[in-house]
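Enquirer: I would like the entire structure built from these sequences, with the hints used as guidance.
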Amino acid sequence: MKWLLKIIDAARPAFEEGGKLQFFNPVFEALEHAFFAPSTRTIGAPHIRDPLDVKRVMSMVIISVIPCVLAAFYFFGLRFIAMIVVTYAAGLAVEATFSMVRKESINEGFFVTGILFPLILPPNLPLWMVALGVAFGVFIGKELFGGTGRNVFNPALVGRCFLSLAYPKTMAASWVEPSHELAGSLTRWISPSLDAVSGATPLALAKQGEMGSVAHQFMGSVSGSAGETSAAFIILGGVFLLFTRVANWRTVASMLGSFVVLTGALIIGGAVTYPMPGVFGPVMWHLFAGGILFGAFYMATDPVTSPITNAGKWFYGIIIGSTTVLIRNFTGYVEGVTFAILLGNIVAPILDEIVIGIRLRRLRNER
Amino acid sequence: MKFKGGYNILLKGRPASTVKAMPEPKSLYLPLYSERFTFTDIRVKDGQKVSGGDILATDPNNHAVPLLAPRAGKVSLKAIENHIVLEDVARLEEHADIAEKELQHVEREMGAAGIKRYKLLSLGAWQFFYDAFTGALPDPLGTPQAVIVSTLSLEPFLTRGDIQLHKRLLNFTRGLEHLQSLLEYQPIYMVMPNISSEFANLIRNQIRGYALVKMLEIPLKYPYDHFAILARRLNLKADGGSVWAVRSEGVLAVDRALTLTKPCTVRIVSIGGIGVNMPTHMKVMPGYPIQKIKENYIFEPAARVINGGILTGRILEADTLGVDTECRGITVLRELHEREFLGFIRPGWSRHSYANCYLSSLRKKFEEKYTTGVRGELRPCISCNFCEEVCPAGIMPHLIHKYLYADLIEEAEQARVDLCVECGLCSYVCPSKIDLRKQLIEAKALIAKEKEEIRQEQLRQKELQKQQEEARKLSEEKAQ
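These protein sequence lines map, in sequence, to chains A and B. Taking the working numbering, the leading residue of the first sequence gets 1, the next gets one more, and so forth. Taking the working numbering, the leading residue of the second sequence gets 368, the next gets one more, and so forth.
If a hint is listed, it holds; no wrong ones were tucked in.
According to the in silico footprint, chain B covers these stretches of chain A (three or more CB under 8 Å from chain B):
(1) 45-53
(2) 57-63
(3) 144-157
(4) 234-245
(5) 351-365
These aren't lab readings, by the way, just hints derived from the structure by calculation. These figures come from a predicted structure and were not determined experimentally. Note that CB positions come from ideal geometry on N, CA and C, so glycine has one too.
Expert: Structure (structure tokens):
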């Protein structure tokens, strides 16, 4: 790869201080560092460093969603690929503009937002809305707070929240019944709203008193956001993410745990009744329905917007899990994971404040 | 004992357990600086002939700890800056530099215990002692609240205790007894990797009744052998008096100084890391020419030579010509030259990571070939919490980093930045490549400076008040 390095070295002076294309330096730098790791050396103790860097962390997240991406592609067809492309194009434009104005380097965090965002959208959403949503999410949700590492809200969820509040009708009409054929819809381009009624999500159907099979939800052949339908693939990628320690297991465990416990308690207590008999069945059905699994593994575990402290993570998960249950069962909305996680994002700094306060009080006595 | 955090880095180039005696050098280059000491008070003249054990210089700020001549030779003060050079070095019979008269004088002044302490200091054994909390040289005349003896050296690659103690068990237990004789009822805590091993039983049998030694077992995880951490885990309080801490080499030095009354100058220094052709231990004296060690062991000319361990050592500058008096190991590392192509998506079969983000986490334990590369770009903190997880002191480096970023020094002080033991693990694991260790050290220094300034200011005001009082009294007297 010497020739590539030579080209980069030859092009560098134009982008450096005083060069003609100085303004585009962040873009050049991002490209350069995408191909070749910088040759920075340590200047003092410790003389060695862990190989893990932010690029690697982010690529681990992207690797972990590959099963979900493939499942979405299988069930909803070529259109989903177009959604990813549009998301990256629109989001990168915002991200790159901001880093050029700020004269900072482009952060890798966006690449994760860019892959997660289309996964939480209805598969038949008009592409201009996808672009608008991601631009809004990156601009309001991240850049206004100061970029990666300083954002309070998960940018992907901010984008989705914006879309579902601004275009509720289009969002509701964009659900699609996935392909039930063996070949999936790998070669098909689903066309806008032909059969919007048949595309109702399991949670929407449940509100009308109709509960589908858990097995379908597990495999993913149900209607829903592009990436959230297949529980099996989400768990597969999610467990991988937990194994790599990029996502913290505490958040996932407390969120799913509180969700299961609270749903079960509501059924036993008789506060809610489902057409499905028993306790275990409906609880599993709810766990596999909608975005709770995807939210738990990929959204709530975002290290930037979740609490830093481990104790905080436990409470953060419990708040999100129980809020989801409350929204699903007792409000007009059929799904509440987006709102629950955004609420969790708001609460996260407060949780941290409390936990850190307690820890500092304990530390004060240490001599 | 309960420990927090800690992490072992498996690095290739671990020194073998052999100890090699290095050839006698023709000249010795004794550096006037070492980690804790600065020998400014030169006691010899240019061209003077000294014999082994003579005091060449002392450090006036550190209880006059001496720099001893390891061998006989001719002193040259001006040949090389910041070094005392001994030329025409010869291995003659070492003699203790304690004159009979002086001994009698010391005995009159301080009694029998005083002589022992005087011997320890002037024979070079005292420099192996640390104050557990501050890491500084403790007062040789003081009485500690406890003594910590550690046979461990967990930082790669410093001389390990088992190599020091090889075939010297008798000297070690005798050293412990001498140590006990300096104390009254204060306990000696001995930290070992395994307290039920044969070795531990041998020590237990030999010292029975002669020394009050409590053996403690600690896990072999860096940096649990750090004296400040040990002292804190033993529930010793910093305001309850000093805690002496000493490694096995120090106990052996105590034995040599007090039993044989001979100077302790030769020490076992490890040489390890990548870039060393045969990682091992060597027996050298302070001032041993680095060039000679390089010729023998370091085959890569562009390698980085570190005085000390890989995580806390300092780069050995090219103008330092000899091994300093406190050197515990020399570590050699390859400098990073090449830029890696598409590094972040490599499977990583041969690289370690704290997080399991590389294929190597499916592999058995192995030793990695590290270079000095930072291995990534500087990024803002992503709150991954890794630094807190590895921190052995139980503080939150990421929080302190954020406070410092916002210039909130007072908050950083509240977050107990002073508990940091500078082990370097937070910097090592940080995926955003933030040099947390450096930031914490700087914050500590800043806080210490501010505290000192406040203290000085208070003293000045007290002085001022006193003067005013006196002036008032004077004027009153005059008026009368």
